[in-house]
Every structure is written in structure tokens, then in C-alpha cells.
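J.: Listed below are the residues making up each chain.
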Amino acid sequence: MKDLVLHSLKMHKVQTVSVTLSVALSVMTLFALVLVYGGVQGGVQLNAERSGAQIMVVPTEAAAELSGEDLLFTGAPASYYLSDDVAQRIAGTEGVTRMSAQFFGQTLDASCCSVDTASRLIGVDFTTDWTIQPFAHIDIPDHLAADEVIVGASTAGNVGDAITLLDNQYTVVDRLEPSGSDLDFSILLDIDVVRDICSASEGLAYLWDKYGDPHELVSCILVDYEDESQYNRLITRLGNIDGVRVLERSTLVSEAQGQLETVFAILLGAGVLMLISTLAQLFARFYSCVWDRKSELALYRAIGANRSQLRKLIGGEVAAIVAIGLVVGLVLGVILYQALIGMLQSGTAFPFASLSIGMMVIVGVAFAVVFALIALAAIAVPLSQLGRLEPSLVMQQGDID
Amino acid sequence: MYIEAIDLGKSYDGAVVIEHTSFRADEGESFAFSSPSGSGKSTLLSMLGLLLDPTSGSVVVDGQEAGALSDDARSDLRLRTFGFVFQHTQLIGSLRAWENVATPARFAAKLDFDPEERAKQLLCELGLEDRQNHYPFQLSIGQKRRVALARALIMKPQILIADEPTNDLDSSNAASVTEALFGHAQRGGILLYATHDQQLLERATRVMRLNGKAFEF
Numbered sequence: 001m002k003d004l005v006l007h008s009l010k011m012h013k014v015q016t017v018s019v020t021l022s023v024a025l026s027v028m029t030l031f032a033l034v035l036v037y038g039g040v041q042g043g044v045q046l047n048a049e050r051s052g053a054q055i056m057v058v059p060t061e062a063a064a065e066l067s068g069e070d071l072l073f074t075g076a077p078a079s080y081y082l083s084d085d086v087a088q089r090i091a092g093t094e095g096v097t098r099m100s101a102q103f104f105g106q107t108l109d110a111s112c113c114s115v116d117t118a119s120r121l122i123g124v125d126f127t128t129d130w131t132i133q134p135f136a137h138i139d140i141p142d143h144l145a146a147d148e149v150i151v152g153a154s155t156a157g158n159v160g161d162a163i164t165l166l167d168n169q170y171t172v173v174d175r176l177e178p179s180g181s182d183l184d185f186s187i188l189l190d191i192d193v194v195r196d197i198c199s200a201s202e203g204l205a206y207l208w209d210k211y212g213d214p215h216e217l218v219s220c221i222l223v224d225y226e227d228e229s230q231y232n233r234l235i236t237r238l239g240n241i242d243g244v245r246v247l248e249r250s251t252l253v254s255e256a257q258g259q260l261e262t263v264f265a266i267l268l269g270a271g272v273l274m275l276i277s278t279l280a281q282l283f284a285r286f287y288s289c290v291w292d293r294k295s296e297l298a299l300y301r302a303i304g305a306n307r308s309q310l311r312k313l314i315g316g317e318v319a320a321i322v323a324i325g326l327v328v329g330l331v332l333g334v335i336l337y338q339a340l341i342g343m344l345q346s347g348t349a350f351p352f353a354s355l356s357i358g359m360m361v362i363v364g365v366a367f368a369v370v371f372a373l374i375a376l377a378a379i380a381v382p383l384s385q386l387g388r389l390e391p392s393l394v395m396q397q398g399d400i401d
Numbered sequence: 402m403y404i405e406a407i408d409l410g411k412s413y414d415g416a417v418v419i420e421h422t423s424f425r426a427d428e429g430e431s432f433a434f435s436s437p438s439g440s441g442k443s444t445l446l447s448m449l450g451l452l453l454d455p456t457s458g459s460v461v462v463d464g465q466e467a468g469a470l471s472d473d474a475r476s477d478l479r480l481r482t483f484g485f486v487f488q489h490t491q492l493i494g495s496l497r498a499w500e501n502v503a504t505p506a507r508f509a510a511k512l513d514f515d516p517e518e519r520a521k522q523l524l525c526e527l528g529l530e531d532r533q534n535h536y537p538f539q540l541s542i543g544q545k546r547r548v549a550l551a552r553a554l555i556m557k558p559q560i561l562i563a564d565e566p567t568n569d570l571d572s573s574n575a576a577s578v579t580e581a582l583f584g585h586a587q588r589g590g591i592l593l594y595a596t597h598d599q600q601l602l603e604r605a606t607r608v609m610r611l612n613g614k615a616f617e618f
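Chains as they are written, first to last, in this note's numbering: chain H, 1 to 401; chain E, 402 to 618.
What the hints contain is simulated information worked out from the structure, not anything from laboratory work.
Heads up, simulated DMTMM-like pairs for lysine to aspartate or glutamate below, C-alpha to C-alpha not over 20 Å straight-line:
| no. | chain 1 | residue 1 | chain 2 | residue 2 |
| --- | --- | --- | --- | --- |
| 1 | H | Lys-294 | E | Asp-472 |
| 2 | E | Lys-511 | E | Asp-477 |
| 3 | H | Lys-312 | E | Asp-472 |
| 4 | H | Lys-312 | H | Glu-390 |
| 5 | H | Lys-2 | E | Glu-517 |
| 6 | H | Lys-13 | H | Asp-3 |
| 7 | H | Lys-210 | H | Asp-242 |
| 8 | E | Lys-557 | E | Asp-427 |
| 9 | H | Lys-294 | H | Asp-3 |
| 10 | H | Lys-312 | E | Asp-473 |
| 11 | E | Lys-557 | E | Asp-513 |
| 12 | E | Lys-521 | H | Asp-3 |
| 13 | E | Lys-557 | E | Asp-463 |
| 14 | E | Lys-557 | E | Glu-526 |
| 15 | E | Lys-614 | E | Glu-420 |
| 16 | E | Lys-557 | E | Glu-428 |
| 17 | H | Lys-294 | E | Asp-454 |
| 18 | H | Lys-312 | E | Asp-477 |
| 19 | E | Lys-614 | E | Asp-414 |
| 20 | H | Lys-2 | E | Asp-515 |
| 21 | E | Lys-511 | H | Asp-3 |
| 22 | E | Lys-614 | E | Asp-454 |
| 23 | H | Lys-294 | H | Glu-390 |
| 24 | E | Lys-557 | E | Glu-517 |
| 25 | H | Lys-2 | E | Glu-518 |
| 26 | E | Lys-557 | E | Asp-477 |
| 27 | E | Lys-521 | E | Asp-531 |
| 28 | E | Lys-557 | E | Glu-430 |
| 29 | H | Lys-210 | H | Asp-84 |
Examples of chain H residues lying across from chain E (beta carbon under 7 Å, computed):
| no. | residue |
| --- | --- |
| 30 | Leu-4 |
| 31 | Met-11 |
| 32 | Leu-299 |
| 33 | Ala-302 |
| 34 | Ile-303 |
| 35 | Gly-304 |
| 36 | Ala-305 |
| 37 | Asn-306 |
| 38 | Gln-309 |
| 39 | Pro-391 |
| 40 | Ser-392 |
The C-beta atom is built at its ideal place from N, Cα and C for all residues, glycine as well.
Take these sequences, add in the hints, and give me the full structure.
T.: This is the structure:
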């Protein structure tokens with residue numbers, strides 16, 4: 001039976017390749033789409049669930065240079081600073097229940113440090129911060145020791161490792177859970193330690209000439225509130241503070257999602273069209289297969305094949321085509337997924353948390369099931385035709401091509 | 402082993418093609434069916450080979466009434482007990498000669514022989530040892546008929562059914578095919594065939610001719 005299936009596939013090469021390609025392209029598009037969409041949704045969810053800062057206050061000039069999404073989600077290098085006084089004013093603003101300052105240092109890479117990917121050095125005021133703890137495995141103390149760092153999920157270094165940053169050695173005390181944001185690519189130190197490092201950096205001296213002593217500066221201020229009804233007033237009050245721009249997470253998240261939804265809609269449309277095309281091709285392939293091969297199938301019936309064997313013959317062809325298309329499609333889907341992520345992230349900023357390998361496998365298996373069902377739907381009519389095929393037909397036919 | 406037709410009849414949309422045909426063929430017998438073209442020989446052979454359900458009467462194969470069998474059981478009976486040589490050979494153009502011969506074996510759950518080996522052996526016995534790997538389009542009509550005959554014999558059937566087996570063949574090829582067919586009967590098999598060929602009719606143990614709509618001795 002296997003030989004006959006292979007023979008049939010070989011004998012209908014063009015159709016076989018065309019349908020297999022169609023299945024592969026559908027799987028590729030939809031699989032990549034699901035992975036990207038899942039990653040974005042995961043990133044948004046992680047941000048919403050674990051990051052308590054609904055409001056971020058940054059210097060106006062930083063906001064002028066970079067989009068809110070860049071500042072909030074991707075941690076684009078923003079060497080702009082606010083006076084520490086602003087932080088005090090924000091703390092005293094009516095409606096603010098808690099706030100915490102961060103100080104952005106330089107972006108580190110392998111040329112200066114023992115990191116394998118570009119990592120952002122961030123000083124955190126752990127005495128007031130509430131945004132990092134949800135991602136941590138330890139109870140973060142109010143002050144990290146001067147030689148202690150916490151690393152983001154995508155940054156080099158495991159707990160207990162010694163890493164070198166700008167000629168100094170530090171010990172990793174925790175590795176955070178993925179956040180889907182710039183935090184994954186950050187190295188966190190106590191805010192004063194980062195200020196010391198930056199103050200001593202000759203390369204950053206021009207900044208301190210402009211902004212003043214780094215020990216009296218902050219890069220951004222995370223703000224939290226409780227009274228939902230006062231939210232708009234709070235935003236107005238914060239916006240009235242000179243030299244700052246207020247970034248609202250909910251607005252930015254929905255804007256980022258809105259931008260991505262257009263892309264997703266296009267991709268989803270393409271994916272659905274390909275799915276319909278695949279269904280139609282599978283149907284046409286096997287409908288015509290049964291119709292055009294009536295003589296051959298009737299001959300098989302006449303020489304002893306039962307209906308079940310003919311169904312296995314047709315089913316085997318479908319299974320082979322769908323299986324090959326699936327495998328090729330899933331592999332291409334992963335490649336397309338990586339390309340899409342690269343393209344999307346270069347064009348817009350959004351929180352992203354890639355699906356785990358286990359989840360990808362589950363999605364892959366789900367695709368296999370869906371396409372198996374599609375294939376079954378496509379061959380339902382041809383299979384029922386087979387049931388009505390009279391073996392005596394063979395007596396009326398000529399040679400079989 | 403025997404095959405028996407009991408008051409066999411077939412109608413299409415009320416038009417009677419065959420009626421009241423009865424006979425019994427036992428091991429070693431060869432039955433020839435003769436009638437003008439288009440008068441129902443192929444229909445009769447189809448019913449005898451369990452390819453077509455009769456409108457009336459029944460076919461009994463070694464005590465089993467075919468009409469009472471399930472479709473799967475009839476398929477199995479066709480596979481194990483019957484061999485067919487169709488009028489137009491019905492070879493599959495994309496398969497080599499030996500692959501065509503081995504095709505029925507692919508539908509058998511169990512075999513006591515190697516299909517490729519037996520297919521090639523049968524082709525050798527029929528004088529086609531140098532045509533085993535040829536495709537049907539590379540064969541003459543006589544060679545194709547012998548390939549079809551080898552295919553009919555591969556499952557070692559007890560009943561061989563042939564529809565106009567020497568039609569379109571030259572005398573040499575016709576003789577070769579005829580010998581192979583009657584060799585089957587001589588080895589204890591049953592041969593049922595339709596033909597216009599006078600020489601072939603003369604070789605039959607019994608000849609049934611169409612009288613009205615019934616085949617009679």
C-alpha cells in the first residue's frame with residue numbers, strides 16, 4: 001500500500017508539489033503569526049500583571065527625541081536627566097501613592113564588559129521601587145551592596161556568577177523572570193552605585209557638564225496611584241510640572257497594540273486566504289484524483305482491493321502531503337517569526353515575551369491537528385465517491401494512464 | 402472448488418441484458434461464452450467475477466452465495482479466488498510490467514510468496530523475461546495481454562476469467578495466450594472466457610451461446 005501511495009504521489013508530481021507548497025505556506029504564515037501574536041500578547045500581559053508602574057515621568061527632551069513606546073517598552077538609550085528636585089515635587093503631588101526614581105547609565109556590550117548582548121545599566125532606588133520585585137526570586141533588600149547586581153532574563157550571568165562591568169567585578173544575586181520589556185536586557189544596580197560609575201566615566205563627562213552632578217539627577221520616575229477617579233487629574237497635575245512628559249502605560253500599550261493589530265490583520269487575512277486556498281487545493285486535488293483515476297481505482301477494486309484499502313490509499317496520499325507540508329511549514333514559520341519580530345521591532349516598540357519551546361510545540365501540535373481536520377474535510381467528498389465506485393466499471397475502460 | 406450461476410439475470414433501467422442463465426463449472430473445466438458484440442458477455446463475466454450484482458438469480462462460489470457476502474468478503478474472494486484478464490488489458494501506464502503484475506499482491510494482508518519474484522517468474526514463463534522493466538507503452542498488444550495474464554495469475558487464483566483474451570492478437574501471440582489460459586485449467590483451475598475466436602471456442606470443455614437473453618449450452 002505504501003508503494004502505491006508513493007507511486008501515486010510521484011505520478012502526480014505537479015499537483016503534489018503544488019498542494020504540499022500550499023500547505024507549507026499556510027502553516028508557515030499562520031504559525032509565525034500565532035507566535036508573534038502570542039509573544040506580543042504575552043509581553044503586554046506580563047507588563048500589565050507584573051509591572052505596577054502605570055505612569056512614567058521622563059524629561060521633556062527625552063520624550064521629544066524618543067517615542068513613548070521606545071521609552072516604556074524597549075529601553076532605548078535615553079541620556080537625558082531630570083533634577084532630583086522634580087522627583088521631590090512628584091512625590092508631593094496629590095494623588096501619587098508611591099513613586100520611585102531610576103537612573104539610566106550607559107549601554108554595555110562585550111567590548112567593555114562580560115556581557116554577550118547589549119545590556120542597559122540601570123540604577124534603581126530599591127528603597128522605593130515596587131516594579132522589580134514581582135520579577136525577582138529573592139526579597140530584594142533596600143540597598144544592594146556596591147558589588148551586587150540583578151540581571152534581566154535575557155542578560156548574561158546566572159546567580160552567583162561574577163561579571164565584569166567597566167573594569168569592576170560584580171556578583172549576580174538574582175536573575176529576573178522575563179518581562180517582555182527592556183528590563184530583560186538590563187543590569188540593575190543600586191541607584192547610587194550607577195551614579196558613582198557614571199560620574200567617574202570620562203566618556204559621560206559631557207553629560208554632567210550639561211546636567212550637573214549625577215548624584216542629584218534621575219532619568220525617569222515611576223508613579224503609582226490608587227484613586228482611579230482622580231487619574232485624569234493626576235495626569236494633568238504631573239504634566240504641569242516643568243520639564244517633564246508623562247507617559248501613560250495603558251495609553252501606550254493600547255497604541256502599540258493598535259499599530260500591531262493592523263499588521264496582524266493583514267497577516268491574518270493572508271493566512272486565512274492561504275488556508276482557504278489550501279482547503280480548495282486539497283479538495284480539488286483529491287476530488288479530481290478520485291474522478292480522474294476512476295479506472296485505476298476500479299481496477300484495484302476488481303483485483304481485490306476493498307473500500308477501506310482505497311480509502312487508505314487516498315488517505316495515505318493526503319497524510320503524506322499534509323505531513324510534509326506541516327514539517328516544512330513549521331520550520332519556515334519559525335524563520336518567518338524571527339524575521340517578523342526583527343521587522344516589527346525595528347519599526348515600532350512594543351512589549352514582547354516570546355513563547356516557550358513547550359508552548360511552541362503545543363502550537364505546532366495544534367496546527368497538525370487543525371490541518372489533519374482540514375485534510376479530512378477536503379477528502380470527505382472524494383472518500384464518499386470511493387464508496388460508490390463499482391468495480392465493474394473496469395470492464396468498460398480502456399488502458400489506464 | 403466450483404462456481405455456479407443460478408438463474409442469473411441483469412437489467413439496466415428495466416432493459417433486460419441477460420436472463421435465466423444457469424450453469425456449474427468444476428475444477429479443470431473451461432467454459433466459453435459466445436454471442437455477438439455488445440450482447441452481454443462482459444456483463445455476464447462481471448457478475449460471475451463478483452464485479453457486478455445480478456438483478457436476479459445468484460452466483461455461488463464453492464458453496465458460498467456471493468450475494469450474501471459483505472463487500473469486504475467479496476473483495477477478499479476476488480483477491481484470493483479470481484484472476485481477471487480484461488479485454489483492454491487495463492495495465493497501469495506508469496507502472497513497469499512486473500509492477501503491474503505484482504499490483505494485486507499489494508492488497509493482500511498475507512502472502513506466501515515474494516510478489517516481485519513471482520511477478521518476474523510469471524513474466525518469464527509467458528516469454529516476457531526481457532520486458533519485465535518495460536512500461537505498457539513500450540509493449541505490443543500481445544505482450545500487454547500476456548502481462549495482464551500474469552497479473553491475473555499472481556495470486557494463484559482457482560477461477561480465471563478472461564474477456565476476449567485473443568482479440569486483436571496475431572496468431573503467434575494468440576496461441577501463446579491460449580496455451581497459458583488452458584494451462585490454468587489443465588492444472589485444475591476453472592477457466593471462464595468470452596470470445597468470438599472459433600479456435601478458442603473449440604478448446605472449451607463447454608460452450609454457452611446466447612439464445613434470446615439467456616446463455617445456453
